[in-house]
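A.B. asks: Take these sequences, add in the hints, and give me the full structure.
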Amino acid sequence: MPEAISKVAISLKVNSKLHSVQVEPRTLLVELLREQLDLTGTHVGCDTTYCGACTVLMNGAAVKSCTVFAVQADGSEILTVEGLEKDGQLHPIQKAFGDAYGLQCGFCTPGLLLSTLQLLSRNEQPGDTEMRKAIAGNTCRCTGYQNILKAIQSAARNMKDA
Amino acid sequence: MYPRAFHYHRADSLTQAATLLSELGAEAKLLAGGQSLIPLMKLRFANPTHLVDLNFIAGTSYIRKEDGEIHFGPMTRHAEIENSGLVTNIPILHDCAAGIADVQVRNRGTIGGSLAEADPSGDWATVLMTLATELRCLGPDGERTIALSDFIKDAYTTALAQDELVSEVVVKVPPKGSGGAYLAFKRSAPVYPTASAAVQLTMDGDICTQAAVALGCVGLTPIRPKEAEAALAGNELTEKTIAHAVEAAEPVLDPQSDMRGSADYKRTLAGALLKRVIQIAARRARGEQVEVSHLYA
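So the sequence lines, in the order shown, correspond to chains A and B. For the first sequence, my numbering begins at 708 and goes up steadily by one. For the second sequence, my numbering begins at 6 and goes up steadily by one.
Source of the hints: derived by calculation from the structure; they are not laboratory data. Just so you know, not all the hints are guaranteed correct.
[What the hints assert, rightly or not] So these bits of chain A aren't anywhere near chain B, every CB distance computed over 12 Å: (1) Lys724; (2) Leu744; (3) Asp745; (4) Leu746; (5) Gly790; (6) Gly795; (7) His798; (8) Asp806; (9) Cys812; (10) Gly813; (11) Gln832; (12) Leu856.
[To be verified] Lysine-lysine pairs mimicking DSSO-like chemistry, simulated, CA-CA at most 27 Å apart: (13) Lys34/B to Lys714/A; (14) Lys724/A to Lys793/A; (15) Lys867/A to Lys857/A; (16) Lys181/B to Lys231/B; (17) Lys720/A to Lys47/B; (18) Lys280/B to Lys245/B; (19) Lys802/A to Lys867/A; (20) Lys280/B to Lys840/A; (21) Lys724/A to Lys802/A; (22) Lys47/B to Lys714/A; (23) Lys70/B to Lys245/B; (24) Lys793/A to Lys867/A.
Where is the CB? At the ideal position from N, CA and C, for every residue including glycine.
C.D. replies: Next up, the structure:
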């Protein structure tokens with residue numbers, strides 16, 4: 708066995724709030740978020756880099772937080788589903804998913820919301836193929852994706868008008 | 006899932022990373038994008054005692070065009086290549102970068118990590134085999150240059166010494182009149198392909214003057230079927246020529262049956278992909294814009 712593993716001090720912003728924490732090097736970003744910071748909106752689905760339920764934005768880029776060590780997020784800005792609403796108002800993407808019935812059980816939804824946010828922040832009017840590519844790393848076992856695609860379209864319209 | 010506990014080392018430079026590998030020995034591994042290594046560690050298939058993190062080294066993520074070559078920093082993410090204007094004239098690079106796994110994985114995974122892992126189902130090695138590609142490899146004693154074909158030795162095995170790392174990937178820009186294409190067939194976006202095919206052709210009118218072919222997931226390393234290349238080069242690209250090339254490639258393929266498909270299925274699939282990429286590459290060589298992306302089941 709290796710000698711005692713030392714913890715690593717890291718600082719990161721999560722939903723605009725600065726956190727300075729000590730983590731074991733093997734701690735995954737999703738575990739830091741859920742277990743140390745009590746942000747349980749980010750879900751763990753497959754835990755094997757497949758399903759995308761754990762998707763968060765890291766410096767604006769969608770990542771699977773079960774496949775990033777927390778130490779790698781040192782100095783970065785993380786956005787989770789908890790950071791989407793503003794002043795008690797749902798984010799236009801959240802609202803669109805609700806209005807278009809873009810969810811059923813809701814387990815995959817936090818990840819899909821953040822994948823959608825990366826897409827719409829870089830492409831205001833995505834076409835069908837672009838939308839499908841953008842959520843190809845997010846598995847939903849309930850909806851069949853049709854209403855999710857409608858929700859993304861409607862979110863794009865709402866964000867453009869806003 | 007928790008990986009086995011490990012000591013974490015954050016490298017400030019590539020030279021320091023190589024020195025750390027040398028000091029820490031065989032139980033140390035490099036952490037690049039982590040999109041293969043972290044899942045392997047979580048499943049405890051990989052249990053390094055030390056991880057040397059390359060993610061905080063400045064100046065290792067870049068795409069530069071110089072003297073007819075494209076230089077990629079080892080930590081350049083697939084997504085950066087996908088979105089780079091510098092690769093638009095070499096569409097086979099865009100095909101590859103834009104098709105690897107999904108958005109999230111492309112945002113993290115790196116070209117250097119992909120090549121150094123040498124997964125037989127990886128995309129970059131197969132694609133870059135069809136272009137003149139060299140790897141700069143850095144160790145504690147300095148840098149050496151290795152052609153990609155000499156770099157990939159076997160499944161998950163490269164020419165890198167234990168204390169060496171990929172410090173740059175250099176790809177020669179193909180000549181005018183050359184066109185390429187890459188297609189991978191996947192059951193869904195996040196998984197590895199079942200089979201893949203890459204082709205780079207140089208055309209003079211309807212005559213193919215030069216052909217480079219590589220097939221992925223159908224052997225322990227990407228396979229260059231020289232017989233298929235010979236069937237294309239010097240000939241008019243008719244349907245018959247293409248069929249002949251596909252037929253010539255088949256005997257050198259050595260796929261394994263696994264959960265992605267039987268050996269026979271993969272052989273047939275690789276042939277079908279090869280036919281399609283030859284057709285796309287020829288159209289691109291003539292200057293046509295042809296969009297392709299990985300195929301899903």
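A.B. asks: Determine for every hint whether it applies to the structure shown.
C.D. replies: Checked hints:
1. Distance check for Lys724/A against chain B: the nearest CB is about 23 Å away, which clears 12 Å, and the non-interface claim stands.
2. Once the 12 Å rule is applied to beta carbons, Leu744/A is consistent with being away from chain B; the minimum gap is 18 Å.
3. Residue-level check passed: Asp745/A sits 19 Å from the nearest beta carbon of chain B, beyond 12 Å.
4. Under the 12 Å C-beta cut-off, the non-interface status given to Leu746/A relative to chain B holds; the minimum distance is some 18 Å.
5. With a closest Cβ-Cβ approach of about 18 Å to chain B, Gly790/A is found to remain outside the 12 Å limit, as its non-interface label requires.
6. Every CB of chain B is more than 12 Å from the CB of Gly795/A (nearest about 29 Å), matching its label as outside the interface.
7. Look at His798/A: its CB is around 19 Å from the nearest CB on chain B, clear of 12 Å, so calling it non-interface holds up.
8. No Cβ of chain B approaches the Cβ of Asp806/A within 12 Å, the least distance being about 24 Å, so the stated non-interface status holds.
9. With a minimum CB-CB distance of about 20 Å to chain B, Cys812/A clears the 12 Å threshold, and the non-interface call stands.
10. Chain B leaves Gly813/A outside its interface by the beta-carbon criterion, the shortest separation being 20 Å against a cut-off of 12 Å.
11. A cut-off of 12 Å between C-beta atoms confirms that Gln832/A is not in contact with chain B; the least separation is 17 Å.
12. The non-interface label for Leu856/A is consistent with chain B: the shortest C-beta to C-beta separation is roughly 15 Å, beyond 12 Å.
13. For the hint pairing Lys34/B with Lys714/A, the CA-to-CA distance comes to about 19 Å; that is within 27 Å, so the pair holds.
14. Distance check on the hinted pair: Lys724/A and Lys793/A sit about 14 Å apart at the alpha-carbon level, within 27 Å; holds.
15. For the suggested pair Lys867/A and Lys857/A, the alpha carbons sit about 16 Å apart, so the restraint of at most 27 Å is met.
16. Between Lys181/B and Lys231/B, the direct Cα distance comes to roughly 23 Å. Compliance with the 27 Å bound is thereby established for this hinted pair.
17. Taking the CA atoms of Lys720/A and Lys47/B, the gap is near 26 Å; set against the 27 Å cutoff, the hint holds.
18. Using a Cα cut-off of 27 Å, the hinted pair Lys280/B and Lys245/B holds, with the two alpha carbons roughly 11 Å apart.
19. Using a Cα cut-off of 27 Å, the hinted pair Lys802/A and Lys867/A holds, with the two alpha carbons roughly 14 Å apart.
20. Restraint check for Lys280/B and Lys840/A: satisfied, since their Cα atoms lie roughly 25 Å apart, inside the 27 Å limit.
21. Restraint check for Lys724/A and Lys802/A: satisfied, since their Cα atoms lie roughly 24 Å apart, inside the 27 Å limit.
22. Between Lys47/B and Lys714/A the CA atoms are separated by roughly 19 Å; this keeps the pair inside 27 Å, and the hint holds.
23. Simply put, Lys70/B and Lys245/B have alpha-carbon atoms about 38 Å apart, too far for the 27 Å limit, and the pair is violated.
24. With a C-alpha separation of about 17 Å, the suggested pairing of Lys793/A with Lys867/A holds against the 27 Å cut-off.
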